[in-house]
Each structure stands twice: as structure tokens, then as C-alpha cells.
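Visitor: Between the sequences and the hints, there should be enough to build the whole structure, so can you do that?
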Amino acid sequence: MDDFERELQQAFDRRPAPPSLKRKLMERRQSKGRRLWVRSPFFTWQWMAASVVLVAALAGGVEWNHLEEVRREEAAREQVLTALRITSHALNQMNARLAARGKATD
Amino acid sequence: MAHDWQPDFEQLVDEHQSMVFSLALRMTGDRGLAEEIAQDVFMELDRNLGRLESADHVCFWLRRVAMSRSADALRRRRVRGMDLWVEMEDVHGASAEERSSPLGARLERLLGALPEAQRAALVLRYQEDLTPEEIAATLEAPLATVKSHLQRGLKLLRAKAEVHLKEYVRGGKYVGGA
Numbered sequence: 001m002d003d004f005e006r007e008l009q010q011a012f013d014r015r016p017a018p019p020s021l022k023r024k025l026m027e028r029r030q031s032k033g034r035r036l037w038v039r040s041p042f043f044t045w046q047w048m049a050a051s052v053v054l055v056a057a058l059a060g061g062v063e064w065n066h067l068e069e070v071r072r073e074e075a076a077r078e079q080v081l082t083a084l085r086i087t088s089h090a091l092n093q094m095n096a097r098l099a100a101r102g103k104a105t106d
Numbered sequence: 107m108a109h110d111w112q113p114d115f116e117q118l119v120d121e122h123q124s125m126v127f128s129l130a131l132r133m134t135g136d137r138g139l140a141e142e143i144a145q146d147v148f149m150e151l152d153r154n155l156g157r158l159e160s161a162d163h164v165c166f167w168l169r170r171v172a173m174s175r176s177a178d179a180l181r182r183r184r185v186r187g188m189d190l191w192v193e194m195e196d197v198h199g200a201s202a203e204e205r206s207s208p209l210g211a212r213l214e215r216l217l218g219a220l221p222e223a224q225r226a227a228l229v230l231r232y233q234e235d236l237t238p239e240e241i242a243a244t245l246e247a248p249l250a251t252v253k254s255h256l257q258r259g260l261k262l263l264r265a266k267a268e269v270h271l272k273e274y275v276r277g278g279k280y281v282g283g284a
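As you go down the protein sequences, you meet chains V and H in turn.
In this text, residue positions in the first sequence follow the working numbering: the first is 1, and each later residue adds one.
In this text, residue positions in the second sequence follow the working numbering: the first is 107, and each later residue adds one.
The set of hints was computed from the structure by calculation and includes no laboratory data.
Model, not experiment: these values are computed from the prediction.
For each residue, glycine too, the CB sits at the ideal point set by N, CA and C.
Worth double-checking, as some hints may not be accurate.
[Said to hold, decoys possible] Partner residues are not named here, just some residues of chain H that face chain V (Cβ under 8 Å, in silico):
| id | residue |
| --- | --- |
| 1 | Ser128 |
| 2 | Leu131 |
| 3 | Phe148 |
| 4 | Met149 |
| 5 | Leu209 |
| 6 | Gly210 |
| 7 | Leu213 |
| 8 | Arg264 |
[To be verified] Straight-line distance between alpha carbons at most 20 Å, and here's what the computed EDC-like set of lysine to aspartate or glutamate pairs gives:
| id | chain 1 | residue 1 | chain 2 | residue 2 |
| --- | --- | --- | --- | --- |
| 9 | H | Lys253 | H | Glu239 |
| 10 | V | Lys22 | H | Asp146 |
| 11 | H | Lys261 | H | Glu222 |
| 12 | H | Lys272 | V | Glu5 |
| 13 | H | Lys261 | V | Asp2 |
| 14 | V | Lys24 | H | Glu116 |
| 15 | V | Lys22 | H | Asp114 |
| 16 | H | Lys261 | V | Glu5 |
| 17 | V | Lys22 | H | Asp120 |
| 18 | H | Lys272 | V | Asp2 |
| 19 | V | Lys32 | H | Asp114 |
| 20 | V | Lys22 | H | Glu116 |
| 21 | H | Lys253 | H | Glu240 |
| 22 | V | Lys32 | H | Glu116 |
| 23 | H | Lys253 | H | Glu234 |
| 24 | V | Lys24 | H | Asp120 |
| 25 | H | Lys266 | H | Glu222 |
Guide: Put into C-alpha cells, the structure is as follows:
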């Protein structure tokens, strides 16, 4: 090895890596780890189970709301029929009284 | 294959980051790109760590992948029509290294003007102190080709140094340190 080669060897010492290299690398590695967890079968099953529960809860809510509406409609119809029955009974009584009064005047 | 070696990724980064970064820097001449390449190389190491069998294997693997990723980056830049070493001179001007070791920095700049294959052989020879056989294994090239790149690269670099670094030459001999 001559002087020039020795000079090259000195000039080509390893340079220190920038301090940011390790920090960025560890951040990338951590975020990759998180992404892998998100794509793991365990996470997928958890996600699917949560989705099924959510869909079931929503469907149950919609059904309960529908049944409650039907019940309210039934009650309202029942009330109207009762009112009609009372009115009809009152009208019948009124008719009977009018008929009795007509006979008396004759 | 069963082996007792238990690698610790963070420790490997501490141990080899300077080597990987320096290889990428000397191949590309761009600090930012060299840092990106080094990150990619270590991320790939993380994925392949289970397949590596010893500390020496890791070192060999890191050198090989760093050189290969640097060559890929140079190829991509060539396609875009950019000359990295010219860019380094323009962007960084007198770097900290240049201020502390002007001869070393100028030798590096001359190295950047060499053909890529010769540069790769010289960097592995003088930065990593590898033998031609080890360089051939790292670059996956025939030994005769590597020897030829080393010989031609050294000759070319010497010729360039004689023209551009006259102030460091006294009586035909190089004066170290500066």
C-alpha cells in the first residue's frame, strides 16, 4: 500500500451517522408495528365482532322504535273507538228521550 | 437453521449505522438520500433478522444491501437526469467534513466523479478495508472484474488527484492530514 492508498484509507474513514437517523428509524419501526397489529387476525376478529354487535344494536333499536309506534297507533285507535262508542250511546239516549217526548205531546 | 445468536435490533443500529450511512453517502454524495437509504436498509434488516445467523453475517448483509440500495437510488436519479455529486457540491458547499479535513473531502469529491462500479469497489476497499475477494462477494461480481475496477479506479483517482490536489502534493508524495 503506497502513500496515496494510505491517504485514501484515512480520507475514507466512516462518517458518523446523523443523530436523526436512529430516531426516525425507531419511529418508522414503531408505526410499522402498529400497522401490523391493525392488520393482525386478532384485530380483524375484534373489529368484526364489534361490527356485528353494533349492527345488532342498531337493528334492535329500529325494531323497538317500530313496535312502539304500532303500540301508540293501537292505543290512539282504541281511544277513538271508545269516544265513538260513548258518542253513539249518548246519541241513542237522546233519540230515545226525543221519541218519548214526541209520544207524550201526541 | 437453529443458532444461539440473539440479535438486538437497536444495538445493531448503534453498531452499524455509521458504516451503512457512510457507504450510502460515498456512493450517492447526498446526505439526505444517504440517510433515507440507511433507514430503508435497517428496516429491511428488521424484516430479515430472523434469517441472519451471526454478527458477521449481519455485517456482510448490511454492506451488500447498502451498496445495492445506493445503486438503485443512483439509477432512479439518473433516470430523472440528476447528477448527485454535482448536487452535493452545489447544495452543501463547504461541509463540516471539508472544513475539518479538506484533503479528505476533496478526495471524496474526486471519488464521486469515478464510474459507479469503480467507486463501489474503492469505497469497500478503503472505507471497509475489504479484500478483493470480500468485495466480489459483497457486490456479487466476478473477482477479476472487481480487481480490474480497483486497479482502474485507483489509477483514475490518482490521475485526478494529481491534477486537482496539487497543493497537497510535495515532491510527488501526498502529505496527509492537511
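Visitor: Does each hint fit the structure? Answer for all of them.
Guide: Verification of the supplied hints:
1. Interface hint status for Ser128 (chain H): upheld, as the beta-carbon distance to the closest one in chain V is roughly 4 Å, under 8 Å.
2. Interface hint at Leu131 (chain H): satisfied, since its Cβ lies 6 Å from the closest Cβ of chain V, which is below the 8 Å cut-off.
3. Taking 8 Å as the C-beta cut-off, the interface hint given for Phe148 (chain H) holds, the closest approach to chain V being about 5 Å.
4. Contact between Met149 (chain H) and chain V, as hinted, is supported at the beta carbon level, the nearest pair being about 6 Å apart and thus within 8 Å.
5. Given the 8 Å rule on beta carbons, the hint for Leu209 (chain H) holds: about 7 Å separates it from the nearest Cβ of chain V.
6. At about 4 Å, the closest approach between the beta carbon of Gly210 (chain H) and any beta carbon in chain V falls short of 8 Å, and the interface hint on this residue holds.
7. Taking 8 Å as the C-beta contact cut-off toward chain V, the hint placing Leu213 (chain H) at the interface holds, the least distance being around 4 Å.
8. Interface restraint check: Arg264 (chain H) against chain V, minimum CB-CB distance 6 Å, threshold 8 Å, status holds.
9. Of the pairs offered as hints, the one joining Lys253 (chain H) and Glu239 (chain H) holds, with about 9 Å between alpha carbons and a cut-off of 20 Å not exceeded.
10. For a cut-off of 20 Å, the pair hint linking Lys22 (chain V) to Asp146 (chain H) stands: about 12 Å separates their Cα positions.
11. Restraint check for Lys261 (chain H) and Glu222 (chain H): the C-alpha separation of about 15 Å stays at or below 20 Å, so the hint holds.
12. Simply put, Lys272 (chain H) and Glu5 (chain V) have alpha-carbon atoms about 17 Å apart, close enough for the 20 Å limit, and the pair holds.
13. As the CA atoms of Lys261 (chain H) and Asp2 (chain V) are separated by approximately 13 Å, the hinted pair is consistent with the 20 Å bound.
14. At roughly 12 Å between alpha-carbon atoms, Lys24 (chain V) and Glu116 (chain H) fall within 20 Å of each other, so this suggested pair holds.
15. A threshold of 20 Å between alpha carbons decides the hint, and for Lys22 (chain V) with Asp114 (chain H) the separation of about 14 Å falls inside it, so the pair holds.
16. At roughly 11 Å between alpha-carbon atoms, Lys261 (chain H) and Glu5 (chain V) fall within 20 Å of each other, so this suggested pair holds.
17. For the proposed pair Lys22 (chain V) and Asp120 (chain H), the alpha carbon gap of about 8 Å is at most 20 Å, so the pair holds.
18. For the given pair, Lys272 (chain H) sits about 18 Å from Asp2 (chain V) by alpha-carbon distance, which is consistent with the 20 Å threshold.
19. Taking the CA atoms of Lys32 (chain V) and Asp114 (chain H), the gap is near 17 Å; set against the 20 Å cutoff, the hint holds.
20. Only pairs whose Cα atoms come within 20 Å are accepted, and Lys22 (chain V) paired with Glu116 (chain H) is accepted, the gap being roughly 9 Å.
21. Between the alpha carbons of Lys253 (chain H) and Glu240 (chain H) the distance comes to roughly 11 Å, so the proposed pair stays at or under 20 Å and holds.
22. For the proposed pair Lys32 (chain V) and Glu116 (chain H), the alpha carbon gap of about 15 Å is at most 20 Å, so the pair holds.
23. As the CA atoms of Lys253 (chain H) and Glu234 (chain H) are separated by approximately 16 Å, the hinted pair is consistent with the 20 Å bound.
24. Of the pairs offered as hints, the one joining Lys24 (chain V) and Asp120 (chain H) holds, with about 13 Å between alpha carbons and a cut-off of 20 Å not exceeded.
25. Pair hint Lys266 (chain H) plus Glu222 (chain H) holds up; C-alpha atoms about 16 Å apart against a cutoff of 20 Å.
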